[in-house]
Amino acid sequence: MPVSPNSLLTADSLFCERDDRVLFSGLSFSVEPGQILQIEGPNGSGKTTLIRILCGLSQDFEGDLFWRGQPMSEVASQFRQSCVYFGHNTGVKLALTAEENLHWMSQIKGIQADKHSLNENIQNLLDKVGLRGFEDVPLYTLSAGQKRRVALASLLLKPIPLWILDEPFTAIDKKGVAELEQLIIEQANNGGSVVLTTHHELAISPEKLKTLTLGSQATQSEARMDLEQEAADE
Amino acid sequence: MNDIDSEVLPLSQGFWALLKRDLVLAFRQRGDMINPLFFFVMVISLFPLGVGPEASQLQKMAPGIIWIAALLSTLLAVDSLFRQDFDDGALELLLLSPHPLFVLVSAKVFAHWLVTSVPLIIASPFLGVMLFLEGEVLGVVMLTLLIGTPILSMISAIGAALTVGLRKGGVLIAIIALPLYVPVLIFGTSAIQAASIELPYIGQLAYLAALLAIAVTFAPFAIAAGLRVSVSG
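Protein sequence lines, in the order shown, are assigned to chains A and B.
By this note's numbering, the letter at position 145 of the first sequence is numbered 892, and the numbering carries on one by one without gaps.
By this note's numbering, the letter at position 39 of the second sequence is numbered 75, and the numbering carries on one by one without gaps.
Keep in mind that the hints were calculated from the coordinates and are not lab data.
Incomplete in silico selection of chain A near chain B, CB under 7 Å:
hint, residue
1, L804
2, S805
3, R827
4, N836
5, T837
6, W851
7, I855
Using N, Cα and C, we set each Cβ at its ideal position, and we do this for glycine too.
Using the sequences provided together with the hints, build the complete structure.
Written out as structure tokens, the structure reads:
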């Protein structure tokens, strides 16, 4: 498969097995700027495994990954600046306040900003995710959904080309789900990309949304054909 | 969105951010901080009760007692080094950070050393007095612990990084780390012994310092590699 430098992330014939069970093999796809890739499949079909492979947490696979057309191993540091991962465990510290959490997360993500503008940015983000008035309390006093909202705010600390989200809608209320969908669409409209797993029906226009179905071998090759078809159409 | 790809990051940013975060967390969860110190004080204060309060005997055994207590309390504390970050997903964020992982783990180990070992170093002269050590020797006890405990923290952090993915890593850390502790123990105790019979002890200290230099240089890379393996599995 030719690797286009215009694609953000390209996967070429990925193969992964767990305990002698093949999760996927020959899986190839690419993520273009402005595109949302939804990974579907029943429980245990390897969605989270694929997500962890894509963001570089798991090396337990065969095949190649490319970032902007270059092999991942050569541009790992650039990739890590341009990708943000949001998993089942969000990494927020319960003994810290929302503000403190966003502070350390932004610095670990390598965001360069002076103290004042960073503080202002964090205040705005907490406003945006509906946590005004909860900035100064430790997170263990908040609800599960509110904790996830703090982690969601960390996605927005600066514009990042690729979001990799694993079940982002878990524990978030209806209004929050709509807001998060809106954020995902905004990300795509701004030329960024989103890779996500969810069982939730996304209200996103089909020309932006690409679906990848994991599971049985049959559905997999269908999905691959779909993708190849799409690529040909473009 | 192309311009942010090639940003060059200052190395210190991740180090200070993580150091500050871990210190704040430690001071909010003080219970974990007290444990190693409590263990250290308990072991050393039980020795005179167990072997009898004879001054000459205790004086002779003091270097070994203090060092073994420090070594075991380091081992006791290290299991928690990466455990919490592993459980709540923060470790994944560290692995995916654009900062080099060895810088980040150095910050974590340094914070852990400040919180768990520095109290031992401060308490050691008082416990030394209980074991009939005096004058200059108490200073040497503190000095050997000051140089030696960071080596212990670095070594045990390698074990902690390799076992963080397992539910019960405690014993395994001991098996991995204890053989590597031995040189530190030997040079640490022999420096104190030499000082207590008024021989020069600078040689042993120099060896400890050399071990520290090696540990600080290489251990962070081993810890980082261990964490990648643990999280990947």
